[in-house]
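Peer 1: Got chain P; can you put chain Y on it based on the hints?
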Amino acid sequence: MKNIFSVFKRKKSSDVAKDRLKILLISDRVNCSPEVLERIKADIAEVISKYMKIDVNTMEIQISKTGMKSINNTKTPTLYANIPILDLRNK
Amino acid sequence: MSEVIVVTSGKGGVGKTTTSANVGTGLASLGKKVVLIDTDIGLRNLDVVMGLENRIVYNLVDVVEGNCRIKQALIKDKRYPSLYLMPSAQTRDKTSVNPGQMKKMIAALKEQYDYIILDCPAGIEQGFQNAIAAADRAIVVTTPEVSAIRDADRIIGLLEANDFNKIDLVVNRVRNDLIKRGDMMSINDVVDILSIPLLGFVPDDENVVIATNQGEPLVGSNTYAGIAYMNITKRVTGLEVPPMEFPKTVTFWTRVSDLFKKKQEV
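Protein chains in written order, with my numbering: chain P, 1 to 91; chain Y, 1001 to 1266.
The reader is advised that the hints may include incorrect statements.
[To be verified] To give an idea of the interface, some chain Y residues facing chain P are shown, with a C-beta separation under 7 Å as derived from the structure:
#1 1146
#2 1185
#3 1189
[As the list claims (entries may be wrong)] Once the Cα atoms are required to be at most 25 Å apart in a straight line, the calculated SDA-like pairs of lysine to any residue come out as:
#4 Y:1011 <-> P:64
#5 P:18 <-> Y:1183
#6 Y:1078 <-> Y:1029
#7 P:18 <-> Y:1186
#8 P:12 <-> Y:1177
#9 Y:1234 <-> Y:1056
#10 Y:1011 <-> P:88
#11 P:18 <-> Y:1180
#12 Y:1033 <-> Y:1056
#13 Y:1078 <-> Y:1210
#14 P:22 <-> Y:1078
#15 P:11 <-> Y:1078
#16 P:11 <-> Y:1189
Simulated from the structure, these hints should not be mistaken for laboratory data. Predicted, not measured: the structure shown is a model, and the values here were computed from it. Using N, Cα and C, we set each Cβ at its ideal position, and we do this for glycine too.
Pulled out of the complex, with its shape left as it was, chain P reads as follows:
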């Protein structure tokens, strides 16, 4: 009986592992903690908002390890930002 209840209560441990890894790998890849990433996101949103109306809630930024080629022709981690524009005109 105890087992049956705990099945309902607990989150699947595989999901916990996945979530932990996703956050962990982002910071591993660029030596950048999730908190820093959040601050970058907030700052980008602030700057873009000066020029157009964007959807801050659905915007996302992520760091990809297989990024673009940089000057010395090696692949470097790249910061991608997806920012939905609500209104192109200046506010």
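Peer 2: Leaving out everything else, chain Y in the frame of chain P:
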């Protein structure tokens, strides 16, 4: 055209040596000329997994230092005449060899063999650098565990930084009963996180332990791991092989394990 493949993982104990031995043996069973090279200097293992530990005379360091010719260090496999092992040195350390020397040796081997498989040591130090120096492509081995996947991700980053453009994934020790229960990341989860092409998965199979005890790779045998490794081997050569019947094996496994559970309860 010959291919040089490094088998690597970052983390130790996830199955690099087992994968090297089975893929190498599998390729030889398909009629390819293969050399397996153990690059783990100081901690050699591939010789025992292949069951060839009693035949070692010369090793990798002897070749590199010019104490013997390449041919003298190559040990012919027990079962397949087109398969050779170059053992590592047990009493030396990783600094005995440098990437330049590895490149030179492998260039010479490339002339005579179809596949050169490098069993990479754990870690990202000089042993790793030696192993990847001369390789054209990489097989990254991981298990569906947080620590192994984290290290695999780091390794993939390093391989990409070293301009590898063919990096494939092998997910080892997969347990479908745990996946179904939600206590192990699925193969899709792992592929999703690491985002490199999947070469195949290997179920957690006690036959691997038995095969290692006996010093005979189980590739091609009628076991789950044997079939899985044969599929992986074929995909290495570029053949399209449909994925292993996972659902079927699952029901079989769970049925068997359920049987046992019931018995124990009674």
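Peer 1: Run the structure past the numbered hints and jot down the numbers of the failing ones, going up.
Peer 2: Violated hints (numbers, rising): 9, 10, 14 and 15; every other hint is consistent with the structure.
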